[in-house]
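S.K.: So the sequence lines, in the order shown, correspond to chains A and B.
End of the first sequence sits at 1503 in our numbering; the numbers just go up one at a time, nothing left out.
End of the second sequence sits at 511 in our numbering; the numbers just go up one at a time, nothing left out.
Hints are computed from structural coordinates only; laboratory data are not their basis.
Computed from a predicted structure; not experimentally measured.
It is possible that part of the hints are untrue.
[Stated by the list, open to error] Chain A residues, not near chain B, derived (Cβ > 10 Å throughout):
#1 M1309
#2 E1344
#3 E1349
#4 L1363
#5 R1389
#6 F1397
#7 A1412
#8 L1441
#9 G1442
#10 V1447
#11 Q1451
#12 I1466
#13 L1480
[Said to hold, decoys possible] With a straight-line cut-off of 20 Å between C-alpha atoms, the simulated SDA-like cross-links for lysine to any residue are:
#14 K1495(A) x Q1451(A)
#15 K145(B) x V1447(A)
#16 K145(B) x T1418(A)
[What the hints assert, rightly or not] A few chain B residues facing chain A, derived, Cβ under 8 Å:
#17 W157
#18 V322
#19 I323
#20 K342
#21 G344
#22 E472
Ideal placement from N, C-alpha and C gives every residue a C-beta, glycine not left out.
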Amino acid sequence: MEAYVGEYGSGKSENAINRALMLVREGRRVTLVDLDVVEPFWTLRPLKQELESYGLEVLAWERAAVEGFGEVGTLLNPAARWALKREGDVIIDVGYGAGGARMLNLLEGFDTDPDLKVLAVINAAKPMTSTVEEIVEHVRSLGRVDGLINNTHLGSETDVETVQRGARLVAEAARILGIPVVATSALEEIARLIGPRDCMGHPVRPLKRFMPRGFW
Amino acid sequence: MEKPIEGEKKVFMTGNEVVAWAALAAGAEIMYGYPITPQNEIMHYWTRLAPKYGRMFLQTEDELSAGFTTIGGVMGGRRAFTATAGPGNVLMQEPMAMAEMMRLPVVVIIMQRGGPSTGTVIYSQQEVTLTTLGGNGEGFRIVYSTASNQELFDYVIKAFNTAWKYRFPTFVLGDGYQAKMREPLVIYDPEVRGISPVPAEPFLGKPGVPGVDRPPGHYRNTYNTEEELYEVIMGLARAYEAIIPEVVEFEEEAVEGAQLLVMSHGVVSRAAKSAVRALRRDGYPVGYFRPITLRPLPVEVMRRRAKEVRQILVAESAYGQFARLVKEALYGLQVEIVPLFRPGLGINPEDIYSRVQELIKGGEKGAGHIAATHA
């Protein structure tokens, strides 16, 4: 069970989706949970059917279910509340930055489930998390975090050095925080150039992009 | 005080974050605001960043108040701004009309959402009429319509200087897609690009005795007689018209030899540009034109281009708000204006490509004429 938290727009959803699909390909039963209580209807909604066609179970709102909700305020999908009790692997995409991370405690079993890992996704090309000190401060603002993922990139202008630079910064931040770096993630073509491990020895997870077809 | 950005830096951000960074880089001293989607993260990021750089924030009770307090900040000589969307933009019109009347350099960022009324919190280009001509005035304002995160950064910085240089309310018109869109851009200290801040100065509380040491500052939004008001409005009109040539901005591509021009603004122009490039590749004589300033519009060049083509396809995520501005600008010309209106919906390059293809194939002597052009 993994919950992906992090700065707004740091790549949480992309990493959560790719991780879930990676596990599905290993023949595992996987549920992907959209836990965005601030903007609950957008993130994975347009992708839900596509992702389900790959064999994932997706807990996200569907258009028909939210017709007429408008600006409803914060809203927790009841199925998401009990997600940690589900059979198989559970990957949670925790929307809306540091504010969103504080909502994790709404999940039943958040404090007691021994299998849950809260992973902070870091893009060191975002100016709020571009130095070791900023990353450390940011991760501390997220509440409980069990590991970091280096997801440093510049979108379509990413090169290998961008990712490696992020790996060095995230590794140093993780050392200060006393938690591991679980992986570096990068677009498939960049991941291929880096190889199975980045310059700091973190395993590299290739990413296929889904979010350009998602919302926000 | 530490500079928010040293030199230049390649980054990856959402549009709303970009606005907060740009306002910092532009030397904005205070933001006044009231939350509304999809501009919320401008406030969120501003409130996170502002304390680090000695800037200020005031959350007001609504957008009326946010607009009037922005006016207060400006009259106190501060580089002040606010940001809003949709129904918030509606409320903002009363203070902005006052700013127009008093020629106050307020800066307002608009992230358009669906309308009318509460509409959607997501996206549209339906705040064009409101932002360019809203309020009970004549639209003496400057409105930049941006299309990318890079432009959001560039034009938010520019907006502060435009406002303080020309003393008209200045708007940066984005939309929900740009607000939430993530893409790479270069952020920079304006000084390294040779952009110096136009200094802000107080309107009120200047030194000296009014009428003795200096002219008195008459900042009024109420007049006693029709003639008095007429004089003021005509003065504003002359001042506004005088700056038009300096202020207007546009972007164009492939206009040479074009028979059809695709006109769009804001984020839709990205789709228009890639559609026009694809159409040109496939041999269609199509051009791309995009006003960056929606108010004032680059009327002169628009009329010149319109005379060179047979048709103009106006593409917008609204039901003709931009087209209305275009028609006014082109009044009296013979060109046919064809709509592609998708209120509250995004427009893709394919939408524009196929519409242009239909128009050209459907036109008299269409295909033959085109073949001749490209022979």
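S.K.: Run every hint past the structure and note whether it holds.
M.R.: Quick rundown of the hints versus the structure:
Listed as a non-interface residue, M1309(A) keeps its Cβ farther than 10 Å from every Cβ of chain B; the least gap is roughly 22 Å. Even its closest Cβ contact with chain B, about 26 Å, leaves E1344(A) beyond 10 Å, as expected for a residue assigned away from the interface. At the 10 Å boundary, the C-beta of E1349(A) stays outside the reach of chain B, the nearest C-beta of that chain being 16 Å off. Remark: the non-interface label on L1363(A) is consistent with the geometry, its nearest Cβ contact in chain B lying 18 Å away (cut-off 10 Å).
Non-interface status of R1389(A) relative to chain B is upheld: no Cβ of that chain comes within 10 Å, the nearest being about 14 Å off. Every C-beta of chain B lies more than 10 Å from that of F1397(A), the closest at about 24 Å, which supports listing it as non-interface. A beta-carbon of chain B is positioned within 10 Å of the beta-carbon of A1412(A); the least distance is around 4 Å. With a closest Cβ-Cβ approach of about 4 Å to chain B, L1441(A) is found to fall inside the 10 Å limit, against its non-interface label.
Against the 10 Å criterion, G1442(A) falls within the reach of chain B, whose nearest CB is about 5 Å from its own CB. At roughly 15 Å, the least C-beta separation between V1447(A) and chain B is larger than 10 Å, which holds for a residue marked as non-interface. Every Cβ of chain B is farther than 10 Å from the Cβ of Q1451(A); the closest lies at roughly 15 Å, confirming the non-interface assignment. Chain B leaves I1466(A) outside its interface by the beta-carbon criterion, the shortest separation being 23 Å against a cut-off of 10 Å.
No Cβ of chain B comes within 10 Å of the Cβ of L1480(A); the nearest lies about 18 Å off, and the non-interface call holds. In summary, the hint linking K1495(A) to Q1451(A) is supported, as the alpha carbons are separated by about 19 Å, within the 20 Å threshold. The suggested pairing of K145(B) with V1447(A) holds, with an alpha-carbon distance near 17 Å, which does not exceed 20 Å. Under the criterion of a C-alpha separation no larger than 20 Å, the hint pairing K145(B) with T1418(A) is consistent with the structure, at around 13 Å.
Satisfaction of the interface hint for W157(B) is found here, the shortest Cβ-Cβ separation to chain A being roughly 6 Å, below the 8 Å cut-off. Hint status for V322(B) relative to chain A: violated, with the closest Cβ pair at about 10 Å, above 8 Å. The criterion of a C-beta within 8 Å of any C-beta in chain A is met by I323(B), whose closest approach is roughly 7 Å, and the hint holds. At about 38 Å, the closest approach between the beta carbon of K342(B) and any beta carbon in chain A exceeds 8 Å, and the interface hint on this residue is violated.
For G344(B), the shortest C-beta to C-beta distance to chain A is roughly 43 Å, which exceeds 8 Å, and the interface hint is violated. Taken as an interface hint, E472(B) does not check out: its beta carbon lies about 35 Å from the nearest beta carbon of chain A, beyond 8 Å.
Hint compliance for this structure: hints 7, 8, 9, 18, 20, 21 and 22 are broken, all remaining hints hold.
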